Structure formats: structure tokens, C-alpha cells
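**Q** Mind docking chain B on chain A? Use the hints.
Protein chains in written order, with numbering that gives the first Met the number 0: chain A, 0 to 341; chain B, 0 to 342.
It is worth saying that the hints were derived from the structure and are not from the lab. Take the hints with a grain of salt, since some may be wrong.
Stated by the list, open to error - Here are the simulated lysine-lysine pairs, DSSO-like style, with alpha carbons at most 30 Å apart: (1) B:K125 with B:K220; (2) B:K125 with A:K34; (3) A:K280 with B:K54.
Being a predicted model, the structure only gives us computed values, none of them experimental.
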Amino acid sequence: MTTTQRSWAKTRTTESGTTEPLLMVRDLEVEYRTKRAIVRAVDHVSFDVFPNEVLGLAGESGCGKSTIAHAVTRILKPPAYITGGKVMFNGIDLLAMDEDNLRGFRWEHLAIVFQSAMNALNPVMTIGNQIIDAIQAHMPVSKRDARTRALELLNTVGIDPRRIDSYPHQLSGGMRQRAVIAIALALNPELIIMDEPTTALDVVVQKQILYEVQQLKDQFGFSIIFITHDLSLLVEISDRIAIMYAGEIVEVAPSQELFRNPKHPYTQRLMNSFPSISGPKQVLAGIPGSPPDLSEPPTGCRFHPRCHVKIAGLCEEVHPALLEVAPNHSAACHLLDPEVAP
Amino acid sequence: MTTVHQPETAPVTDYKTRATPVLEARSLTKHFFTGSALSRRVVKAVQNASFTLYKGRVTALVGESGSGKSTIVRMLARLYEPTSGEVIFDGRNTLEYTSRKSLMHYRSKVQMIFQDPFSSLNPVHKIKYTLERPLRLYGDEIGIRGRAAIQEQVLNLLRRVSLSPVEEIAGKYPHQLSGGQRQRVAMARALAVEPEVILADEPVSMLDVSIRMGILNLMAKLRDEQGIAFLYVTHDLASARYFADEILVMYAGYIVEGAASEDLIQNPKHPYTQLLLSAVPDPSRGLRTADVEIKGEIPSLGALGNGCPFAARCPHVMDICRKAMPPVTTLEGSRWTRCYLYE
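Chain A extracted, bound-state conformation:
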């Protein structure tokens, strides 16, 4: 597939007012190269993140959503390689930046919060010292000033500042995840990537943390890329949502629009895979089959083997481009292309 056949995920500003995106990702390609096969985990992915926006990235396991997070922050490790595309952050090309500059750039402008707070924190260091470390690595401040800032940060994320000298194992899962968020906030970054930040937590704690993240975002004005497989959660927290399938973005829309009016057959079926807690009880079918093996992705549209409305002879052959199907709403499906299905 050549890039010209695909349109960029066209997006405009949400309520934030500016039209200039903070992060621009264009035709990003990531490959895992093993002896057995080359797996293109992310294939020509393009999207924007605007200031003070929450962009949700949804998809099933193995669809490439975490790989995008790792590629954008340049923390991919071999055998994963970025093989194409551009990642522009406020006009700066992140893929061209060398390691030294990246190290400074990362925590100051761009932070990442991982799924498992248990593994993200150093078990033999108090959480206070871990926050102080992050601050002192980037700013020439005294330990005392850094500690004052750490106390503030703990308070901000809802941890009793008296717990500053606690070790990670002395905190509950929810508190540890808050501590990780505090470290991410330490240098006031413009963008925080949250990769399944609450998946390991219980719903009540999840709600508490998401509510606080939302408040912090409004207070400090940063943007968030929020990655999860839980679409119900994503609709709640995001301004816009990008749906990924087998390494590609197949639909992008404002979250309520996506929830009420999904266009891509995959999104429609995915919406039909989540039981609801309110409203009438419905029979849900899920989606037959399983996500494809990316070392041998299906030809044409990658969703065609599981699609219930595919056009015989077309969807198996031709890859659909991501087209604007409604204002601010793009999808990659031949059925939505006026030239194919008028």
C-alpha cells in the first residue's frame, strides 16, 4: 500500500480554541523484526493531539496501541524499529532527535504512565526520593526544594504528603498508580501518554483516579493520549477517540459522536461487545473470529475476514483509505466511500 492512497486522520480542534496540534503523527510505521518474521505492528498511522485534549486510543491486544505510545516517546527497544513516518511535537521532529536531547525532552515535555505501577516504581526507593530524582535530573534545584515540590505533587494526586517516605510496597495499587502520575506531572509536561493506567485497578479506584486526572488536566492544561481496550471508559474520559485494528487506525471521531454514531463495521461491532449497566438489556454478539496475526495480515481491508457487511471481490483486494465521512469524523471502509457505495 502506498501512502498516497491513505488520507491523514483529519482532525480539527475541539473546545480548546487553537487549531495548531501539539503532537502530529504522520504515516508512522513500526516493525518488529525477528528471525522468524517481520511484523508491522503499526502501519501508516496518522493522528493529531491538540492542546488540553484527551485523545483516546482504543483497540484489542496486539493492535499496536502500546507500540504507538512507545514509538512516540522513542522508548522502543529492539527488535522493534520505527521504519517510517514523522512525529512532530510543537514543530520539533522527535524521530530526528538524538538520545541526549531526548532524555531532557522526555520528562519535561512528554511523560508516560504505564499500566503496571508495581513495575514502574523502584521497590527499594521511597516514592518521595523517586519524585525528587525525576525533578533533580531535569532541573538544577536543591534537594530541599525538590522535596517541597514532591510534597505538593503528592497532595495534588490525592496521596497524603505524610506518605512521602513510604516504599512502594507500603502503598495500595491505587496509591502506587497515583505516585506514578505524580512523577509524570513533576515537570509540568505538555503531553502525558497513559497506557492502560487503570487496567490493573478496581473500578472504584479507577473512577477516583480518572476523575482526578481530568481535574489535573483542566488545572494544568496538558494533553493526554489515553490508551485502553475499554471503550466504555474511553468514551467517558476522551474528547476524541481513534479506533485501531491490526496496526491501523480505522476510525477517528469525537467520543460522543463515535459512541452514538459509529461508522466503521469494526467499531460498530466493538460497541456491540460491551454490556451496558444502564438502559434495556440487549443480546450482544461480540465479533466472530479473532484479531489477525500481523506477520501475515489479511489482504485488502484487514477486518474483512471478520466483517459481516464486506463487499465480495473488493474488500479482500483493495485497502480502504481513511476518509472523512462526516465533519471531524473519519473512517476507513469501502462502504463509506461515495465512489464505491454511493
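**A** Same frame as chain A, but now just chain B:
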């Protein structure tokens, strides 16, 4: 075994209207003892859990991690010895079963499905072997003897869990199957011994979202067509509403409320159930409108006082709540709760 392939023609039994108890837990309690002889700590994992599983019905056990759900499952499966209480099956307290033979009989009637289909199947054996094992061990019990009959039954089992082509699947190793297919194999293995009860401990939470419904729908079919009683353990209230006929809510070792699914979802009584429901993501509601002030987390099971474990977080807490655990209060219908608000 010929009957299982024509479930469409089988009369739909009125499991829903006529409650036939199969397995009953009576005041099940499990305390774990940790620490040294001098500083012994007691972790009260499950306290006084009583409930009944009925033929052709799904009972969901919902709660946060560490609330004691899996401990209950393990006691019912006779993997943990309860500290006190009874498990009644066929009118007998199964905790009196001590001989290998009676335990084997019990386990053939009460099967388990685990959360992780990647570790619950032996990776060095083909699917065929995994399904032949229970048939060889329990062949006498279920009337399947001889090589040919066993092989035929393996294929039948794969058909029952909608895996096809059956011959091909039978010859595969677990790593050649997807997570959803593996969980179906785990289900086929459980079905092999013709159980009356299946204890399913978070059976879909490790699967991709698009295939979870397929597994839940398959279990619903087994419930409806074969009258299997399910205990569905989950932290996901929305899937419990979808799949279960009755929901039990657990908090810090206690079952605090039990009701028919819709009653519980539409009209939760216990303050903890109310909190849990308000925290479930609901796209039609939106996070920004969340007006719930939620504080605190589930308490440590090693440091529970005498009172209600939810008292510290409860918006309606009264003096008495901190002194003693509220008894079971029966409310309208067959629902009940443990809360002084309804005493």
C-alpha cells in the same frame, strides 16, 4: 451422549421459574494464618458466606480484587479447606467426603474454569490429550469406555463449545490457538465429566473484548440447554448484569447483598453496591457529571475490626456500624442485604 447435539429439540425446562438447588454454601468462612508462632496474624478472607446455586441459573459473585471471591470458589471446588461452614451437594455436607473416590465423584459434578487460558492448558500436550484425560479418569462415571468412544466424545465436546473444524483443533497444541479458542477448550474439558455445576473464575477478563461476548453467550447456552448451574466470578458488574440471573456483591470478605440481577442494578440497596454501580464506566452518563465523592479503598483483611468493613467509607455510617457486623436482613422479593439501614 447423543442428546447433546439436538438441544434445539429438547424441551426448554422451566429452570427460571422452578428453583432447583444444586450446590449450597452455608456460613462458609476461611481464615488464613500468617506470621510466626509468636506474632500470628489472621487474614479473614471469607466470613459467613451463604448462598445457593440453582440448576440452569447463573449466580454472579461480584467484588473488587482481594474481596474473597476466588477464596469462595476454591472452597467450593474443595481446593481450600474452609475454616468453618458447610458445602451441601446432593443433600450431604461434602466436607465430610474424605475418601478419594467420593472426592472424585464430587469433582466430576463440580468443575472449574480459570481466568488464564494461557496457563490452564498443558502446553506440551495436544488438545486431544487434554480432553481425553478426564474421559479416561471418569469414563466409568459417565459411561464412556473404550478408545473409539473416547475419541468420538472428544470431537463431540469440541462441537459443543463451537470449535471447528473439530479434527484439526483436536490435533493442535495450546500455543496454536487464540485466547478465545483456548478458553473454549477449557470449557470443553470442564464439560467432559458432565458436571452439574461450573465455577467460572473471571473466565473472560483475560480475553480480547471482541471475543468475550462469544464466551459468555456460549455459557448462557449451556445454562439454558443443559441446565448447568454457574457461579460466575467477576469484577465487572456490567457483564454480571448481562449473564447472571442473580448477583451477590462481596466486600472485604463478606457478601453484603444478594438480589436478582435487574433488581440489584436498578435499585441497589447496600451503600457499597451503590458505590460500585456509580463507578462502572457508562458512556451514556459521562465522567464529568460524576457527582460521587468516593474516598478510601478496600481495607486490609488482616486488620478488620468487629464492625462493618465498609463503615470507614460509608456515607450513611452510624455508631452501631463500627461495633458489630450487621446481620442479614431480608427485603422484598428474595433479596437481602447486610446493612443496619434496613434493619
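**Q** Hint check: B:K125 vs B:K220, CA-CA at most 30 Å. Holds or violated?
**A** holds (26 Å)
**Q** Is the straight-line distance between the alpha-carbon of B:K125 and that of A:K34 30 Å or less?
**A** holds (26 Å)
**Q** Holds or violated: A:K280 and B:K54, Cα atoms, limit 30 Å.
**A** Roughly 23 Å between the alpha carbons, so the hint for A:K280 and B:K54 holds.
The structure shown violates none of the earlier numbered hints.
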